[in-house]
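We have chain A; now place chain B onto it with these hints.
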Amino acid sequence: MERRCLDAQFKGVSTGTTILAATFDGGVVIGSDSRASIGGEYVSSKTINKVIQVHDRIFCCMAGSLADAQAVLKAAKFHLSFHSVQMESQPQVIAAASVLKDLCYKNKDELQAGFITAGWDRKKGPQIYVVSLGGMLISQQVTIGGSGSTYIYGYVDAKYRPDMSREECLQFATNALALAMGRDNVSGGVAHLVVITESGAEHIVVPGNKLPKFNDE
Amino acid sequence: DVSDAAARFCPKRSGSGMDREEVSTGTTIMAVEYDGGVVIGADSRTTTGAYIANRVTDKLTPIHERIFCCRSGSAADTQAIAEVVAYQLAPLVETAAHLFKASCYRYREELTAGILVAGWDRRRGGQVYCVPIGGMLVRQPVSVGGSGSTYIYGFMDSNYKPNMTKEQCLELTASALTLAMERDGSSGGVVRLASISESGVERRVILGNQLPKIVSTH
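Top to bottom, those sequences are chains A and B.
Take 669 as the starting number for the first sequence in the numbering used here and just add one per residue.
Take 1341 as the starting number for the second sequence in the numbering used here and just add one per residue.
Next up, chain A with everything else stripped away, as it sits in the complex (with noise of 0.2 angstroms):
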């Protein structure tokens, strides 16, 4: 763990992981890898879920420090509900990352964090905002995080388009953690995948053997 944390100081955290979340027509997409190790060494959890509801329709993916992350998520729960009270509404996507995004600003020097929000509302509809390690809010269309992430920036610029359907933007993404958990020897497991749109939320779980393969001889 000591030399993990050295290491973490000189590269900077990243969870062994692949996140990911894509908006199509009506929706959107976000998913994880399912895979938790120590220093890339030991596979700590095959099957844990990286992927946190945070309110109804709006889920979280958590990069950097896991313990920094769960912290900070349980936090923006906490205010997410109290604020939904008070509005007497859903609460907006942009809410929730902007809870996000002040608890990871305000306290830049202690935690070592960042997010990728995706959700449904009413007012925008599908959205996904990322908040970086620093407390940065952006917005994109589609994104992608984690260390098995380097490995299909190709991938997605070449085949991520904004008008997809919901089964051809889960297929994307399917095949977009199956690339990196097939590169990157810490992401691995099943695949977590959440497709929101106006109906509600949906969890898919596509297991190792399911996921496609690539010339995986």
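For the record, the hints were derived by calculation from the structure and aren't laboratory data.
As the structure is a prediction and not an experimental result, all values here were calculated from the model.
One should not assume that every hint holds.
To be verified - For lysine to any residue, the following SDA-like pairs were computed, each having C-alpha atoms within a straight-line distance of at most 20 angstroms: (1) 792/A / 693/A; (2) 791/A / 878/A; (3) 1501/B / 882/A; (4) 878/A / 716/A; (5) 881/A / 1503/B; (6) 881/A / 1502/B; (7) 1553/B / 693/A; (8) 878/A / 836/A; (9) 1501/B / 879/A; (10) 1553/B / 831/A; (11) 1501/B / 749/A; (12) 1501/B / 831/A; (13) 1501/B / 883/A.
Unchecked claim - Label-pair ranges, simulated between beta-carbon atoms: (14) 1427/B / 710/A: 43 to 53 angstroms; (15) 1539/B / 793/A: 50 to 60 angstroms; (16) 878/A / 1539/B: 44 to 54 angstroms; (17) 877/A / 1552/B: 30 to 40 angstroms; (18) 870/A / 1391/B: 44 to 54 angstroms; (19) 1538/B / 693/A: 47 to 57 angstroms; (20) 853/A / 1503/B: 21 to 31 angstroms.
Even for Gly, the Cβ is constructed at its ideal location relative to N, Cα and C.
Below, chain B without anything else, positioned relative to chain A:
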């Protein structure tokens, strides 16, 4: 050599106190086998720190009539190794690859060199050999290298199929290099391609404004 001259005249950065950094081919290189030959490609950027010392570098270096190598890592190291191998002459691609491996492995502590050796010979046709940093040698049907290569593993895994034609390989290589150059700050410039087969070597250059327009997400 142009890149060496540029490195000599590159001013020291006085404000930050940083010494002049080594000239490096932070790069993207790729090689694909097809039935009858190989296609190889590379970007054209050589950097000294953040300064682009040469924006039209030729990283596809001939070793023999139908054997080329694609260089990544330290420009000086890879040029020196390529000269050593070319001097020893190697009519078989496998021999050239082993010569590279011998130099890279023996001096692994002093060198930073990642090399792809690709060519055509009468015995085994088109072949691609990968000699990454450390001096391992492995033959692969398709291989990428350099700093920009991490971004295109996913694209390559999903788009490469065995038994493609020469045109398909050229298109795949050009697209993959374009995607990598888009994301990697140390790769850029023009795309240099070469196809090597029994009939010889065909080289071509794709300039920046002629690169394939891949739908971009930004």
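- Could you see if the CB distance from residue 1538/B to residue 693/A stays within 47 to 57 angstroms? holds, 50 angstroms
- Item | residue 878/A versus residue 1539/B beta-carbon gap, inside 44 to 54 angstroms or not | Roughly 45 angstroms apart at Cβ, these two residues keep to the hinted range, so it holds.
- Query: Within 20 angstroms, alpha carbon to alpha carbon, are residue 792/A and residue 693/A?
  - Reply: holds, 13 angstroms
- Pair hint residue 1553/B and residue 831/A, alpha-carbon separation not exceeding 20 angstroms: Given pair residue 1553/B, residue 831/A holds - Cα atoms ~18 angstroms apart, limit 20 angstroms.
- Task: Mind checking the hinted window 21 to 31 angstroms against the Cβ distance between residue 853/A and residue 1503/B?
- Result: With Cβ atoms ~29 angstroms apart, the hint holds.
- Does residue 1553/B pair with residue 693/A here, judged by a C-alpha cut-off of 20 angstroms? The given pair, whose Cα atoms are some 23 angstroms apart, is violated under the 20 angstroms limit.
- Task: For residue 1539/B and residue 793/A, compare the CB-CB distance with the range 50 to 60 angstroms and indicate the outcome.
- Result: Because 56 angstroms falls inside the window, the suggested range holds.
- For the pair we were handed, residue 791/A and residue 878/A, check the Cα-Cα distance against 20 angstroms. violated, 37 angstroms
- Cβ-Cβ distance between residue 870/A and residue 1391/B: within 44 to 54 angstroms? Holds, at about 51 angstroms.
- Query: Is the straight-line distance between the alpha-carbon of residue 878/A and that of residue 716/A 20 angstroms or less?
  - Reply: holds, 18 angstroms
- Taken at face value, is the distance from the CA of residue 883/A to the CA of residue 1501/B at most 20 angstroms? Holds: residue 1501/B and residue 883/A sit about 8 angstroms apart, inside 20 angstroms.
- Message: Would the hint linking residue 881/A and residue 1503/B be met if the CA-CA limit is 20 angstroms?
- Response: Roughly 18 angstroms between the alpha carbons, so the hint for residue 881/A and residue 1503/B holds.
Hint check: violations occur at hints 2, 7, 11 and 12; the rest are consistent with the structure.
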